[in-house]
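Asks: Here is what each chain is made of, one letter per residue.
2 protein chains.
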Amino acid sequence: MKKKYNIAVVGLGQIGSYLLNELNIKKKIIEVKTGVKINIVAISAKNIKKKRKFKFNKKIFFSNPFEIFKKHKVDILFEAIGMSDGISKKIVEEALNNKTHVITPNKGLISKHGNSLAKLAEKNNVNLEFEASVAGGIPILRTIKEGLTTNKITKVYGILNGTCNYILSEMENSNQKFTDVLIKAQKLGYAEPGNPKLDLNGFDAFAKVRILSALAFNSKISHQKCLMEGIERIELDDIKIANQLDLRIKLLGITELKNDKLFETVHPCMVGKSSYIGNVNGVMNAVITEGKPVGESVLQGEGAGPGPTSSSLLSDLLSILRGNIKKPLGVSFSNLKSFKPYNVNNYTNSLYLRFVVRDKPGVLSQITNSLAKFNISVKRLIQTPDKKNNKATIVIITHKTPEINCRNCLSLLKRNKNILKAPTLIRLFD
Amino acid sequence: MKKKYNIAVVGLGQIGSYLLNELNIKKKIIEVKTGVKINIVAISAKNIKKKRKFKFNKKIFFSNPFEIFKKHKVDILFEAIGMSDGISKKIVEEALNNKTHVITPNKGLISKHGNSLAKLAEKNNVNLEFEASVAGGIPILRTIKEGLTTNKITKVYGILNGTCNYILSEMENSNQKFTDVLIKAQKLGYAEPGNPKLDLNGFDAFAKVRILSALAFNSKISHQKCLMEGIERIELDDIKIANQLDLRIKLLGITELKNDKLFETVHPCMVGKSSYIGNVNGVMNAVITEGKPVGESVLQGEGAGPGPTSSSLLSDLLSILRGNIKKPLGVSFSNLKSFKPYNVNNYTNSLYLRFVVRDKPGVLSQITNSLAKFNISVKRLIQTPDKKNNKATIVIITHKTPEINCRNCLSLLKRNKNILKAPTLIRLFD
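If you read the protein sequences in the order shown, they are chains X and W.
So the first sequence is numbered by our numbering: it starts at 3 and just counts up by one.
So the second sequence is numbered by our numbering: it starts at 3 and just counts up by one.
The hints are simulated quantities; they were obtained by calculation from the structure and are not laboratory data.
Among the hints, a few may not be true.
Any copy, or any two copies together, can satisfy a pair, since identical chains are not distinguished.
In silico lysine-lysine, BS3-like type, Cα no more than 30 Å apart, as pairs [to be verified]: (1) Lys30 - Lys419; (2) Lys28 - Lys294; (3) Lys92 - Lys114; (4) Lys39 - Lys121; (5) Lys55 - Lys157; (6) Lys263 - Lys154; (7) Lys6 - Lys329.
For clarity, every value in this text was computed on a predicted model and none was experimentally measured.
With the hints as extra help, turn the sequences into a complete structure.
Replies: Shown next, in the form of structure tokens:
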């Protein structure tokens, strides 16, 4: 067994520089825990002069990360640049081809190129580790790959984006509308200051769902198109009405096998206020796994930030230092399954529908007639007048209804001039 | 790397026979996941004729488990007899001395003899794995040893006994008293039919606390005497009053480092009804870890039963089959720390005290005077008369108070003839 491992860290943003500091201060404990030494031989970033929270050794700095391999035999490379393509992909490929283990928190890269990178890692008999790519400090990938390894997992779901969860919780707590809370989230560092879109539209959570499915179902990472909705259209009214109904709105990522078809989704859900998932608030993440024979397992923790992310990056490091050579996707690439996609039209849920309508006779019956036409049966209906503005709000909770019926119904209702804006639809979570 | 592993299962009770069946039906998937084959070469139990749920191959049955080693080279032995000494200890020692990996769900054995067994395993360069010994199907030991490995963990606590948690939940739900709910739990198989004492008095949870501490704090398993209280003295009145106070009673196992002193406890706690831990109900287990930099991590799942237990036993098996040779207690035995015990007298909590008193003037002031004498300040007081029986119930919630003051105060109050039975004390959890 090797006694000393050469390490390179590429990317010195918030994550990379925090990690580098952790590596420096934890050298001794890492040696005690693994029996081997680590030696940081190279670091790289775009700009050596950028102001960073932690100091680093400028003598080992490379402006061009590809030069690292010419000068050093690198055993383990941390990729912390964070692009889903481009230089992130190239440096990871270069490393794997050089028989260098790779550790990355990069969900974009793994969800997009995880299959080819896993194959490449396996070919070179090195590890490609990405625990930090899903749910930050929660060791959910390790739990699925190792802790629950022989269980038949049928469903994994959870709160996978702390930004969205913070915004939804804060709208409820502060009674403020989406745009105001978003600004607050940006100030607190919970949302990207420039472009928070990838968090808010569900894309970030979706990348994590892709990775979770592959590990849970021993399959390749899917690239099928699937249902993805974010929280941008959630209004304070929806939060308030949910509250009255003893419900709470959460953005859930869900992956499950339905009749051996893969169904991956990200969308807002109404969940019971007293349910477990309904009580995961603020920036917390939570992942729930349903498997046999283990039953339901829940993992909850901080889903983002340099501290939790470093915790996962270092767990990957120690796994390698302890000599655990593993298949990146749990089983050998040739044994990975591929699943056909589940037909989203068959997705069946109770629905919360909110209509803002002109307050005049007959509008309600126009809506209920349309629902009836598409076999959507109403479980609960609340109409609240807004006399001053000559408007009314109609909230309908339906019985379970297939997605296709509700889409068809809503596209018909869109043409109704008495409905003043596109209706809000939120699925109720089972 | 070995291509075929010989396996023996010793003990064919509920756990052992379920495990054996799982091993048989999952041979193929285990081979896919690890690249190696398993071969069950020997099984052993006291009585070959006992009625069991699953069939087994009688040709490989040994009445005397020690004979197994004479006939076979066993690579991995499952110990599922379940005694904390005696034959369980002997067969595990025999196996380790034979350079056989050992996997066991036996918390009694590990909490009592884990140190010497870990040393023996390390000496023979084999694994001693016991994931299933704590919190059944929840991979908490793996999470601490691997997923959170470089974090500085300061506290681990949780609901570690499903029997007690079921009883407390069911008392609340059904409004039935302790003894009635215990009978129900026994009928449902949630409590031992013969002697449920080790669950109810906190001993079972305490063994798990011992194991958790060692892994969380990289120390030897402690054998220090410490605070252990069960749920036998919880009455329906306490459950009802907790409910009125928006609290709920849970039996918590807690281990923490306080000023570098080890403090391990098991006792009932009042927790907030809307807190996370207050919503882990029924037979579920949950473990919460506080660490830096990861923050708070929560794991929840089924804590007992053959399914969840097998899930953990097989995760240990696959870890060995994948070639992960590990130190049983996370780090090398010679690097394990030992901590001095925290002085329990300094344990400081808000307290719930319930007194049943004679309903006559002056009794309340006798109690409050005693509290004042020991510097225990009252936060809340509720007196409820029971005129018919000439009694009254006095419930007091105190401000934070050191354990020593409350003990001294209660021992003084014991002598008071107007207090009709030993007061109930339940600590409020921070």
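Asks: Checking against the hints above, which ones are violated?
Replies: Of the numbered hints, just 1 does not hold.
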